[in-house]
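Chemist: So you can see what is in the structure, the chains are spelled out below.
Protein chains: 2
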Amino acid sequence: MVSSKDVAKHAGVSQTTVSRVLNMPETVKKPTLDKVMKSIDELNYIPNGHARSLVQNKTNTIALLSGPLHNPFFVDTTTAIVNYATEKGYRVNVQFVNDKNLPEAYATAIAHKVDGVILSCILIDDPIFEKLKKMDIPFITYNRKHKNNEYFVEIDNFQAGYLSAKHMIELGHEVIAWVGGTLSVSTFNNRYLGFLQAMEDYKIPLKEKYIFNTDTSKQDITRAFHELIQLKKRPTAICTGADSIALNLIDDAIKENLKVPDDLSIIGIDNVDLSHHGLIQLTTVGSISEQNLGFMAIQQLIEMIENKKNSCIQITESVKVFGRNTTRKK
Amino acid sequence: MVSSKDVAKHAGVSQTTVSRVLNMPETVKKPTLDKVMKSIDELNYIPNGHARSLVQNKTNTIALLSGPLHNPFFVDTTTAIVNYATEKGYRVNVQFVNDKNLPEAYATAIAHKVDGVILSCILIDDPIFEKLKKMDIPFITYNRKHKNNEYFVEIDNFQAGYLSAKHMIELGHEVIAWVGGTLSVSTFNNRYLGFLQAMEDYKIPLKEKYIFNTDTSKQDITRAFHELIQLKKRPTAICTGADSIALNLIDDAIKENLKVPDDLSIIGIDNVDLSHHGLIQLTTVGSISEQNLGFMAIQQLIEMIENKKNSCIQITESVKVFGRNTTRKK
DNA sequence: ACACAAAATGAATACGTAACCATTTTTAAG
DNA sequence: CTTAAAAATGGTTACGTATTCATTTTGTGT
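Residue numbers (the working numbering), protein chains in the order written: chain A, 363 to 692; chain B, 363 to 692.
Hints are not guaranteed to be accurate.
Note that the list lumps identical chains together, so a pair holds whenever it fits in one copy or between two copies.
[What the hints assert, rightly or not] Dumping the calculated EDC-like pairs for lysine to aspartate or glutamate here, alpha-carbon to alpha-carbon at most 20 Å:
| no. | residue 1 | residue 2 |
| --- | --- | --- |
| 1 | K682 | D487 |
| 2 | K420 | D613 |
| 3 | K493 | D461 |
| 4 | K397 | D498 |
| 5 | K691 | E492 |
| 6 | K496 | D403 |
| 7 | K495 | E404 |
Calculated directly from the structure, the hints in this document are not laboratory data.
For clarity, every value in this text was computed on a predicted model and none was experimentally measured.
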């Protein structure tokens, strides 16, 4: 492998000068610069990023710990994050985390001294939070947040849950179910609490068996669906903890020959890009802002990395209902 | 930052021994090992990946140059690639490439001495091919391939185009359009050629104005759609170069109050996961195999990296039609 | 108790770059 | 011209690890 020393020898200068040509070309005289450039070109020299990272203690790399792409929310955010970071000169190490690989994902991110970590997968009382803070690695969470209530970008999840229930109630539904994710993640927890609050405010009776806070895997959602439709008093509306859950339920409904929204109204939360599609037209609750959470988070993270600003990031975006075709009057 | 030297001092051993504890623990006596482990733990030591990469000339990193995720094909492949590579102990640098950032994407991949490159975005006569080969960096292309016809995993694109036209013809359609991508990528080129061949074999007349080989951006596809429906003799069927194009067209059709498949039959190619969804049920042509191309490619790449096997990879998967609900008899 | 092999440990070095400090060359002022 | 300041360049070192080779310690058979 050709190194800067090889280039130096070839050009008849010192390795230091080669380094300068690459990093502060304005400090080297024109003829020397040309000579070195020519050698770089002829030898096909490309500087070794690891050596550079080692000495500079800067990697230009960001670790992204994302949820799985079969959830379209993460399709939108991953796209925004990778593209923005790439544009700003950072490489992005992506991992799709689940319960199993989470600790290892943290470890590799830290071992490679990434300049920052952006993660959606944090649990409410995840120990990684303090670890990252103590190691002084800039990080931010999007979608979910930690109980410490610092360094996050989220939507107003309580309000989102509230509005989704309110939407169904105002359409005249009385038997309303909830299918959300595990309550150990802030997002689902707050959305559920908002849902409960609306049900209480509007005095809609709610029984235990209409509530599912389950794993978000396809099988588990489908299992919840089948339990719901086997109830003697079948719900006419389902509020869900996320668009991905809503889409899953709609798929299940179609397989059972139930029409959405004629037989069953379903509303999501997140307003993912896919929900706009003509074939889908999912009614959902989402951020008022045009930008998705991933974009806002990566912007903040790079700001933190480059300006070393320490002001704690706490962003909660307002939400509204996007009425489309998967809900209707009872 | 705590280094292996710090650990060594703390444990009262040499740095060499610390290194051994991490890499060949069976060669160090139990009491010493325990001592070192304890120090590692107490000091919260994590080895520096860059220093390791520098000395070993191995990075455990793979560069993934993927197409954009708004194309669901890349959702499937990216998921498979990242998950498999992560499981095998590799980190994955993801970039979503387009015409503009392609050269830079190549450069960063090489600068960081990745162990391998997996790319979908290669052009038929892309100079990167020879470059990677000369630099002896293991690489593989999926979906698309280079004119050199080496190191690729693809579906039988010609056959896919052929079958998609045949499907429409057998349904009785006579005015059939083609909307595909630019012909400088192997995939679209061969799919288009297959389409043409079927039209010729079955003696279906085909006029220039029913053919669009365009950029695959949303706007360009939509533009093609509007040109098609403004023809005096409107096509009753559209064969497309990819599922993403088909989904785009269906969205356009719905916006124009055209019913798919009643007014217009549309078929895709790729059989992406999303096409199964109850709301979508896209008729498409796809690989016979259960595994997606990304999975097959990353498997091959890691095999190349670890076994240094040089046998040239050339995999072409057979295809078949997956009949669903976006096509019907004329 | 001894010799000798085998096991365990340590010291020194290389990897490729940027940064620091020292030296040489050029430029500008008098 | 001379001289001092400024610009350009070079020599050396540090970054944190794995590896090579040398040295010490342990174990084994007689």
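Chemist: Are the CA atoms of K496 and D403 at most 20 Å apart within a copy, between copies, both, or neither?
Modeler: between (44 Å within a copy, 15 Å between copies)
Chemist: For K495 vs E404, is the C-alpha pair at or below 20 Å within one copy, between two copies, both, or neither?
Modeler: between (46 Å within a copy, 17 Å between copies)
Chemist: If the cutoff is 20 Å on CA atoms, where do K691 and E492 land: within, between, both or neither? Let me know, please.
Modeler: neither (48 Å within a copy, 62 Å between copies)
Chemist: How would you label the pair K397, D498 (within, between, both, or neither) given a Cα cut-off of 20 Å?
Modeler: neither (42 Å within a copy, 27 Å between copies)
Chemist: Pop the pair K682 and D487 into one bin, within, between, both or neither, using alpha-carbon distances up to 20 Å.
Modeler: neither (29 Å within a copy, 49 Å between copies)
Chemist: Is it within, between, both or neither when you check K420 against D613 at 20 Å Cα-Cα?
Modeler: Answer is neither; intra-copy 46 Å and inter-copy 45 Å both fail.
Chemist: Cα distance capped at 20 Å. Does K493 pair with D461 within a copy, between copies, both, or neither?
Modeler: within (18 Å within a copy, 40 Å between copies)
Hint compliance for this structure: hints 1, 2, 4 and 5 are not met, and every other hint is.
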